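Take a look at the letters that make up each chain.
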Amino acid sequence: MISKVEKDYISKGIAAGIRNDGRGPNESRQLELETGIINQASGSCRVSVRGGTEVLVGIKVSVGDIQELDTRDEEEEAMKNRADVGRIVCSVECSPSAKIVLDKRQIEEMCILYTQILNRTLNGPQGGLDLYKLCIIPGSVCWILNIDVLILNYGGSVFDAIFMAVRGAIHNTRLAKVKVESTDGAFDFEVEDDETEVLEGRENVPVAVTAFQIDKNHVIDAMPLEEQCSDSSVSVMVNKHGKLCGVQKGLKGSLETSLLINMIQHCQNKGQEVISAMDSFLAQEERRIIDLVEPVGFR
Amino acid sequence: MLILKPASHADDMEVDRKEEIVTPGQVITKDLAFMRGHGTFTLNEQLVASVAGKIERVNKLVSVKPLKTRFNGEIGDVVVGRIAELGNKRWRVDIQGRQEATLLLSSINLPGGVQRRKNEADEMEMRSFFAEGDMLSAEVQAFFGDGGCSLHTRSFKYGKLRNGCLVVAPSALIKRSKSHFISLSCGVDVVLGLNGYIWVQKHVFISPEMQNQPEGLYINENDEISMEEREAISRVCNIITALVNHKQMIYETIIVFMYENSLEYQPVELLSADLQKSLIDSAISQLEAAE
Chain A
1 MISKVEKDYI
11 SKGIAAGIRN
21 DGRGPNESRQ
31 LELETGIINQ
41 ASGSCRVSVR
51 GGTEVLVGIK
61 VSVGDIQELD
71 TRDEEEEAMK
81 NRADVGRIVC
91 SVECSPSAKI
101 VLDKRQIEEM
111 CILYTQILNR
121 TLNGPQGGLD
131 LYKLCIIPGS
141 VCWILNIDVL
151 ILNYGGSVFD
161 AIFMAVRGAI
171 HNTRLAKVKV
181 ESTDGAFDFE
191 VEDDETEVLE
201 GRENVPVAVT
211 AFQIDKNHVI
221 DAMPLEEQCS
231 DSSVSVMVNK
241 HGKLCGVQKG
251 LKGSLETSLL
261 INMIQHCQNK
271 GQEVISAMDS
281 FLAQEERRII
291 DLVEPVGFR
Chain B
1 MLILKPASHA
11 DDMEVDRKEE
21 IVTPGQVITK
31 DLAFMRGHGT
41 FTLNEQLVAS
51 VAGKIERVNK
61 LVSVKPLKTR
71 FNGEIGDVVV
81 GRIAELGNKR
91 WRVDIQGRQE
101 ATLLLSSINL
111 PGGVQRRKNE
121 ADEMEMRSFF
131 AEGDMLSAEV
141 QAFFGDGGCS
151 LHTRSFKYGK
161 LRNGCLVVAP
171 SALIKRSKSH
181 FISLSCGVDV
191 VLGLNGYIWV
201 QKHVFISPEM
211 QNQPEGLYIN
221 ENDEISMEER
231 EAISRVCNII
241 TALVNHKQMI
251 YETIIVFMYE
261 NSLEYQPVEL
271 LSADLQKSLI
281 DSAISQLEAA
291 E
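In order, the protein sequences belong to chains A and B.
full-length UniProt numbering numbers the first residue of the first sequence as 1 and each following residue consecutively.
full-length UniProt numbering numbers the first residue of the second sequence as 1 and each following residue consecutively.
Here chain A stands alone, though its shape is the one from the complex (with noise of 0.2 Å):
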């Protein structure tokens, strides 16, 4: 809930160019993050914007038949006849103790949203990740990704954060290496557990970036009163060649063509730069694991 006076206040102080923390309409905050701060997951990753929204997401791998797969989603049936491709499985989940303004059912719609989103984005080929490197015998076994975030606190621009933890969960992802025999034509594999390898195609990952339109401006990593007081946003999914790999269309308000065009670009932009710098970041973690120097953990 956000008074008429608040309303004014952020969006003639987005006009003029200031926020209310200071902040540019184009400047986001700082973040925390950190990954493999799961030990029973195959990856993990936190993300934590300073000034409150947290997410927590863990990857599991797990072995799953091919054919298993039984959704209603149009885009996922395409999917489900190809036989030679693995999966990813996401779920969004809010959890209970999350500072949040909405109600539980907007919570859950939000947390559907995302889901499918994710869904969507990472099981198509703009996900980046190789899917036929996931199939362990064509037709028959193939790897699924299980991916679960937790929305810990809520502090605005939770999307975003979303999807830089999935990214940083999937950095440090590692999957078991498999042997595939075949015996007079008959396939079978063995996982081996000592072997593990990065997953392919994990740094064309993509991230996302919302912007909310607020008058006639846009604000990007926007805060939970700044949501409030707009009426539509935009969340672009951006990998590190600056590709679009998708477009989102978010609250209940309509966007004039010239402005969801400029909206676009700038997400577009700000993507690639969040992208260089979370890559040179997700190396230097790597470099953190394989010294075997703990992570810091929750705060």
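To be clear, the hints were calculated from the coordinates, so they are not data collected in a lab.
Computed from a predicted structure; not experimentally measured.
Check each hint, because a few of them may be wrong.
Derived DSS-like pairs: lysine-lysine, alpha-carbon spacing no greater than 25 Å straight-line [to be verified]:
id, chain 1, residue 1, chain 2, residue 2
1, A, LYS7, B, LYS157
2, A, LYS99, B, LYS157
3, B, LYS68, A, LYS104
4, A, LYS4, B, LYS157
5, B, LYS202, B, LYS157
6, A, LYS60, A, LYS179
7, B, LYS175, B, LYS202
8, A, LYS7, B, LYS202
9, B, LYS65, A, LYS99
10, B, LYS54, A, LYS99
11, B, LYS202, A, LYS12
12, B, LYS157, B, LYS65
13, B, LYS68, A, LYS99
14, A, LYS4, B, LYS202
15, A, LYS216, A, LYS179
16, B, LYS89, B, LYS68
17, B, LYS175, B, LYS89
18, B, LYS277, B, LYS68
19, B, LYS247, A, LYS99
20, A, LYS4, B, LYS89
With chain A held as given, fit chain B onto it using these hints.
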């Protein structure tokens, strides 16, 4: 584990004990001479903490004051709240408490008259005084039997808040002081609600004549706010967030010191954790020197 000595040892009373922090389940004392206060319980003849926080001792009474807690008001407390819903002759106000506070139609000042009975017409247009989402400052007037509290705004100090923005802090960090309405020299006013809501706004000059003209009490529009004023407001907001991040008590002098020390930086730079730390450290050493 901290073991307190019984209060009957007179010499121990004088000892200036460093602030002790306990976590739930931690034994505070095994001595039965102590009385069980808030945030503690007895287990196997030991006094155990039930919340995470600071041990406070008044003579024989030992209590634990938690950092993260809902706001427990006392009569006369200045609070900042947000209207959550409208009810029968009353508003429900979110003040970060266990339950929403009540603001009765009869406990507000109405435009157009000093003291008069509230009639049905007033009841019909309650939303024109306070609508859902509106921010207001008020004072805790009384408590109901179920622990809920009743607010009032019957002073020109209290009422609708405009021309600024809200910063949220844990209520435990707000220091009780003589005045919770602070006017900084930079033209920024701060309303330090004891419930942890802090309103930072542009200074609005109220002349004595205007006090008697309550038509302006419930305006829903901001005054013109210049870029410099916005920057000053952001700076104060960021200083308060810095204090919250570093779990420091929030009160006038520390805000003033930090404001002056921060002038060489842009407001947005104050979001950096390292700068926040150094600003707080220097402000604390200045405060200690001033004492």
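Hint check results:
| no. | hint | in the structure |
| --- | --- | --- |
| 1 | A:LYS7 x B:LYS157 | holds (23 Å) |
| 2 | A:LYS99 x B:LYS157 | violated (31 Å) |
| 3 | B:LYS68 x A:LYS104 | holds (23 Å) |
| 4 | A:LYS4 x B:LYS157 | holds (21 Å) |
| 5 | B:LYS202 x B:LYS157 | holds (15 Å) |
| 6 | A:LYS60 x A:LYS179 | holds (20 Å) |
| 7 | B:LYS175 x B:LYS202 | holds (22 Å) |
| 8 | A:LYS7 x B:LYS202 | holds (16 Å) |
| 9 | B:LYS65 x A:LYS99 | holds (22 Å) |
| 10 | B:LYS54 x A:LYS99 | holds (24 Å) |
| 11 | B:LYS202 x A:LYS12 | holds (14 Å) |
| 12 | B:LYS157 x B:LYS65 | violated (30 Å) |
| 13 | B:LYS68 x A:LYS99 | holds (13 Å) |
| 14 | A:LYS4 x B:LYS202 | holds (17 Å) |
| 15 | A:LYS216 x A:LYS179 | violated (57 Å) |
| 16 | B:LYS89 x B:LYS68 | violated (33 Å) |
| 17 | B:LYS175 x B:LYS89 | violated (33 Å) |
| 18 | B:LYS277 x B:LYS68 | holds (21 Å) |
| 19 | B:LYS247 x A:LYS99 | holds (18 Å) |
| 20 | A:LYS4 x B:LYS89 | holds (22 Å) |
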